[in-house]
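Peer 1: According to this note's numbering, the sequence shown is numbered sequentially starting from 1.
Mixed in with the good hints there might be a few duds.
Cross-link-like lysine to aspartate or glutamate pairs, in silico, EDC-like; alpha carbons within 20 Å at most [what the hints assert, rightly or not]: (1) K21 <-> E84; (2) K43 <-> E70; (3) K21 <-> D69; (4) K21 <-> D45; (5) K94 <-> D125; (6) K64 <-> D129; (7) K46 <-> E70; (8) K43 <-> D101; (9) K43 <-> E13; (10) K94 <-> E84; (11) K46 <-> D96; (12) K21 <-> D96; (13) K46 <-> D69.
Hints listed in this document are in silico derivations from the structure and should not be mistaken for laboratory results.
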Amino acid sequence: MTSNHHQSVMFTESIDALNLKTGGIYIDATFGRGGHTQGILDKLDKSGSVIAFDQDIHAVEFAKENFNDERLTVIHSAFTHMGEILSERNLSGKIDGILMDLGVSSPQLDNADRGFSFNSDGPLDMRMDQTSGISAAQWLENADAVEI
Numbered sequence: 001m002t003s004n005h006h007q008s009v010m011f012t013e014s015i016d017a018l019n020l021k022t023g024g025i026y027i028d029a030t031f032g033r034g035g036h037t038q039g040i041l042d043k044l045d046k047s048g049s050v051i052a053f054d055q056d057i058h059a060v061e062f063a064k065e066n067f068n069d070e071r072l073t074v075i076h077s078a079f080t081h082m083g084e085i086l087s088e089r090n091l092s093g094k095i096d097g098i099l100m101d102l103g104v105s106s107p108q109l110d111n112a113d114r115g116f117s118f119n120s121d122g123p124l125d126m127r128m129d130q131t132s133g134i135s136a137a138q139w140l141e142n143a144d145a146v147e148i
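Take the sequences, apply the hints, and build the full model.
Peer 2: In structure tokens:
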């Protein structure tokens, strides 16, 4: 795993825009390194909670290793499945706010093994979720010139 430090983009503005209720239920749709999640948790009382999604298994593992808060549930899934997952948990219509920090995170760019950066040599992977699908290298091996 790469460095644990990651500066959340527009941190204060994002947290303020949620207009948090101390006992609310909030979603961080892109957990990453949890900066925004921690900011939300810091404003909640013991009855509030955060459900965090991330399709990157490394982000989920980071959460398990670095966050010990019973108010936090981390789900290894893309946020595109959020509606289905919330419905399964009987949370539809009960969410007070959703935060989505879209894009590639610094830890993904900094780790050459992820294949997102051209600054360091590494395998051409480029998957947000390295536990599913094929790598970019595998795709290129089988793609014809028209597809590429």
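Peer 1: Hints numbered earlier in the text: which of these fail when held up against the supplied structure?
Peer 2: Violated hints: 1 and 5; rest satisfied.
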